Amino acid sequence: MNEIPLSYSLGLSAILFGIGVAGVIVRRNAIVLFMCVELMLNAVNLAFVALSPYAGVEGQVFVFFVIAVAAAEAAVGLAIMIAVFRHRESVDMKNFSLLRW
Amino acid sequence: MLLLQEAAHGAAALAEGNGFTPVLPWLIVGLPLLGFVLNGLLSVTAARRALPTLPPVGDPYYDHAHDDHGHAAAAPAHALAPAHAHAAVGAGEPSEQESLDHGVDAHPVDRAAARDEAHDAHGHDVHDAHAHDVHDAHDDHAAGGPKPFTHTLPSLIAPGVLIGSFVLAVLNFLAMKNAGEGARLAIAEGWSWMPVGNLHVDAALQLDPLSILMTLIITGVGSLIHVFSIGYMKEDPGYPRYMAYLNLFVFFMLMLVLGSSYPVMFVGWEGVGLCSYLLIGFWFREKANADAGKKAFIVNRIGDFGFLVAMMLLFWNVGALDFATVNQTLLAGGSGVEFAGPVITAIALFFFLGAAGKSAQIPLYIWLPDAMAGPTPVSALIHAATMVTAGVYLVVRSSVIYTMAPSASLVVALVGALTAIFAASIGLKQWDIKKVLAYSTVSQLGFMFAAVGMGAYVAGVFHLMTHAFFKACLFLGSGAVIHAMHHALHSTHNPADAQDMRNMGGLRKYLPVTFLTMGVSTLAIAGVPPFAGFFSKDEIIGAAWLGAEGSSHLSGATLFGIHGSTWMGVIGVILSIAAFMTAFYMGRMMLYTFFGDNRTGDQERKHLHEGDWTLTLPLIVLGILAVVGGFLNVETHVPIVQLFNFGQGEALHHWLHPVLAGSDDVIAQNVGRLEEPVHALWPIALAIVIGLGGLALAAAMLGRRRLQTAEVQPAYQGGVEKTLYNKWYVDELYDRVVVKPVGGLSRLFARFDMGVLDWIVDLFGRLAQMFGIAFGRLQTGQVNTYAFVLIVGVLIVLGSFVAL
Numbered sequence: 001m002n003e004i005p006l007s008y009s010l011g012l013s014a015i016l017f018g019i020g021v022a023g024v025i026v027r028r029n030a031i032v033l034f035m036c037v038e039l040m041l042n043a044v045n046l047a048f049v050a051l052s053p054y055a056g057v058e059g060q061v062f063v064f065f066v067i068a069v070a071a072a073e074a075a076v077g078l079a080i081m082i083a084v085f086r087h088r089e090s091v092d093m094k095n096f097s098l099l100r101w
Numbered sequence: 102m103l104l105l106q107e108a109a110h111g112a113a114a115l116a117e118g119n120g121f122t123p124v125l126p127w128l129i130v131g132l133p134l135l136g137f138v139l140n141g142l143l144s145v146t147a148a149r150r151a152l153p154t155l156p157p158v159g160d161p162y163y164d165h166a167h168d169d170h171g172h173a174a175a176a177p178a179h180a181l182a183p184a185h186a187h188a189a190v191g192a193g194e195p196s197e198q199e200s201l202d203h204g205v206d207a208h209p210v211d212r213a214a215a216r217d218e219a220h221d222a223h224g225h226d227v228h229d230a231h232a233h234d235v236h237d238a239h240d241d242h243a244a245g246g247p248k249p250f251t252h253t254l255p256s257l258i259a260p261g262v263l264i265g266s267f268v269l270a271v272l273n274f275l276a277m278k279n280a281g282e283g284a285r286l287a288i289a290e291g292w293s294w295m296p297v298g299n300l301h302v303d304a305a306l307q308l309d310p311l312s313i314l315m316t317l318i319i320t321g322v323g324s325l326i327h328v329f330s331i332g333y334m335k336e337d338p339g340y341p342r343y344m345a346y347l348n349l350f351v352f353f354m355l356m357l358v359l360g361s362s363y364p365v366m367f368v369g370w371e372g373v374g375l376c377s378y379l380l381i382g383f384w385f386r387e388k389a390n391a392d393a394g395k396k397a398f399i400v401n402r403i404g405d406f407g408f409l410v411a412m413m414l415l416f417w418n419v420g421a422l423d424f425a426t427v428n429q430t431l432l433a434g435g436s437g438v439e440f441a442g443p444v445i446t447a448i449a450l451f452f453f454l455g456a457a458g459k460s461a462q463i464p465l466y467i468w469l470p471d472a473m474a475g476p477t478p479v480s481a482l483i484h485a486a487t488m489v490t491a492g493v494y495l496v497v498r499s500s501v502i503y504t505m506a507p508s509a510s511l512v513v514a515l516v517g518a519l520t521a522i523f524a525a526s527i528g529l530k531q532w533d534i535k536k537v538l539a540y541s542t543v544s545q546l547g548f549m550f551a552a553v554g555m556g557a558y559v560a561g562v563f564h565l566m567t568h569a570f571f572k573a574c575l576f577l578g579s580g581a582v583i584h585a586m587h588h589a590l591h592s593t594h595n596p597a598d599a600q601d602m603r604n605m606g607g608l609r610k611y612l613p614v615t616f617l618t619m620g621v622s623t624l625a626i627a628g629v630p631p632f633a634g635f636f637s638k639d640e641i642i643g644a645a646w647l648g649a650e651g652s653s654h655l656s657g658a659t660l661f662g663i664h665g666s667t668w669m670g671v672i673g674v675i676l677s678i679a680a681f682m683t684a685f686y687m688g689r690m691m692l693y694t695f696f697g698d699n700r701t702g703d704q705e706r707k708h709l710h711e712g713d714w715t716l717t718l719p720l721i722v723l724g725i726l727a728v729v730g731g732f733l734n735v736e737t738h739v740p741i742v743q744l745f746n747f748g749q750g751e752a753l754h755h756w757l758h759p760v761l762a763g764s765d766d767v768i769a770q771n772v773g774r775l776e777e778p779v780h781a782l783w784p785i786a787l788a789i790v791i792g793l794g795g796l797a798l799a800a801a802m803l804g805r806r807r808l809q810t811a812e813v814q815p816a817y818q819g820g821v822e823k824t825l826y827n828k829w830y831v832d833e834l835y836d837r838v839v840v841k842p843v844g845g846l847s848r849l850f851a852r853f854d855m856g857v858l859d860w861i862v863d864l865f866g867r868l869a870q871m872f873g874i875a876f877g878r879l880q881t882g883q884v885n886t887y888a889f890v891l892i893v894g895v896l897i898v899l900g901s902f903v904a905l
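Going line by line, the protein sequences match chains F and R. For the record, in the first sequence the residue sitting at position 50 is 50 according to my numbering, with numbers rising by one throughout. For the record, in the second sequence the residue sitting at position 791 is 892 according to my numbering, with numbers rising by one throughout.
In case anyone wonders, no lab produced these hints; they're calculated from the structure. In this text, all values refer to a predicted model and were calculated from it rather than measured experimentally. All C-beta atoms in this analysis are idealised placements derived from N, C-alpha and C, irrespective of residue type, glycine included. One or more of the hints may lead you astray.
Stated by the list, open to error - Partner residues are not named here, just some residues of chain F that face chain R (Cβ under 10 Å, in silico):
1. I19
2. R27
3. L39
4. V63
5. A68
6. V69
7. R86
8. M93
9. K94
Sequences are here, hints too, so could you generate the full structure?
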């Protein structure tokens, strides 16, 4: 049985990460932005898992941390977004430039 | 108890007859300091008690309380709404805040009535008070109730500490007198003050014949003036503050004369300057008084600069600053400082600059006449008897230095003589009784400097002492006159000047004690035998004549290429003319003040009367001293007055001999033996003629002149009188030559500061602002932009790692 080559896994990870970055930069909808951040985190997770046979099991341990942080982030971030939406009736990032000069 | 033990100890030392142990020397200076602290606390207390009682911050009941008078009576502290607070302050004790509050209120009677209402309304247990505006120190319209303790205790504390110091000084004097002549020196070590490298300055007191003599004068005359101050100042709102300053002054003055080194002396020197400033500007709400204080302070700073430079030169060249070591080193000649060399001359001249500032000599005399803005007892104590003689003391204390610098000594003598005649000429045409005395003081200080400059140190100290007696008496007498005049003019709200002699006249009927004591002192200062001033002034002028004949160590010295003996002859002539002028203007002052018809006014005349015992007693004591003070140092060769010689004669001369032995040694080393002076009788005859002649001329010229009041009588007639009245326009000259250019220069620098320096500083501020505005545009508020910038940054960093 052929193993999946490492380059495939890392390539997928890079593609996912690139999609995430592009989304964060380009998209205006806060929820989409949020999903793109999650996408970047999971791209990193994939890279960790794919490299663990070569670099040791610590990478897999780290993945759990990332998942935990992502979960916390999702909880806090969604709460903020609901609060913002109640004020603004919108989750468009264009409207959230209050801290500008 | 300690005092008694010490006294017993001192007495035991006396019995041995050779050693001298000082009796509690630090307590002499400590007592006035204690008086300052106590009076200062009382002054602060008085000021605090006079503050309006404000409601507690955030008191919710306050807004209701001041509408409701029933409630107000129950809770007075809360009841004092601002308008009421004012009245309640009026009902309080005499205070400086009060005088500030009432400064615009011109009717004391109304004020008293308003206060009575306040008194009844609140039912406080308050003292009815004399409310005075700044100059109404002697207002007795409002009936005096019991005074608060802040205004009674200073009357006990301030003279008390002074009398205590005087008693200690007398004990020390007796102990010293009983010691052998060689042993009359004691240094009371305090602590090491400045141990820096080679410089070791101890805070120590030096008790020797000169310093104990000065201490006796300061504490003795000072005690009398403190007693006089009670009567003169007790109605003033600032009474405790006044007494505190006066005590502080005495403390610093004692530090000045008792210090064992130049730095310790300098502490006292600066301290008395400070107290002089504080007391000249005592009634500082009037701008002229505050300005006078400032003028005195600033002019004195110029002199102090000289003192400092002299001290530094002395340390640099001699390596020590305490009197004993300096004198020893200079006498031993090991320091490389040559006799009559440039170094010693510079030191002597810079010290003289300091002395000229403190003792009001040309060119720095201008502050002393303005200093008359202070209370009159201050003029008597500080600006006649003690502080202004500090310069003379400095020269006598540095007699070794001055003897080693003959040309500098001649400069001192010449400046003194010129000051004497210059100030005397101004005194001829002043109308303000205190201004006459002020210029007289400058002139007499000139006599003292002429004496010490000519090497006649004993004559200078002798004149210092007799001058302290008769000039203090004259100033206090003028104070009594002003007190009576002010009282009389105030009784009818007459705005005339209480110090102008044109408003006086014929006062001898109303102020007999003042007239007698001032008359005696006038005879003394005019140089009429056998009063005190005759002997001291005769000794000074006599020294000039002897020097002109060649029997002084300065006769051989030269200044500007002219021989010392010639200079001394000139000085003798100048001093004789100045002495004649002195007799004339003093006679004029007495004539205008006490003789002729009274010009005060018909209503006012009824209120002219002598003050209470605190005003007359010091006058009487000082008057007696002005009569007998001269016998202390009667010269042995004067034929008639030999009758007055007690014991050996020239007692002061012998007393001061240990202090001046160093200067005699310098003369013996460098000049050689001086020929014994030939005492002629003509100088004495001349002195008598001058004294009596001046008074007689004044009587003949002015005795029948009928003056009008200051409103009618012009201040001067003709050009000469105008020039004299305007003090030779020296103030205007200084204004033109010094003050205006300095002002212009400061304005120039101000323009540079604001135009150039401030512009540069502002430039940096504006640059930061512009950067802020420019780069602030980057902050869009869009998270996406931030993320983009972040990622670009990460890529650049990573890319640079890869590229490297």
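Hint by hint, here is what the structure shows:
With a cut of 10 Å, the hint placing I19(F) at the interface with chain R is violated, because the nearest CB-to-CB distance is about 13 Å. Checking R27(F) against chain R: minimum C-beta separation of about 8 Å stays under 10 Å; hint holds. Annotation: interface hint on L39(F) violated; nearest CB of chain R at approximately 14 Å, more than 10 Å. For the restraint placing V63(F) at the interface with chain R, the shortest Cβ-Cβ distance is roughly 22 Å, beyond the 10 Å limit, so the hint is violated.
The interface hint given for A68(F) is violated, since its Cβ lies 23 Å from the closest Cβ of chain R, which is over the 10 Å cut-off. Among the interface hints, the one on V69(F) is violated; its C-beta lies about 18 Å from the nearest C-beta in chain R, farther than the 10 Å criterion. Restraint check, R86(F) versus chain R: the minimum CB separation of about 19 Å is more than 10 Å; hint violated. Evaluation of the M93(F) hint against chain R yields a held restraint, the C-beta minimum of about 6 Å falling below 10 Å.
At its closest, the beta carbon of K94(F) sits 7 Å from a beta carbon of chain R; the interface hint therefore holds under the 10 Å criterion.
Checked against the numbered hints above, the structure breaks hints 1, 3, 4, 5, 6, 7 and satisfies the rest.
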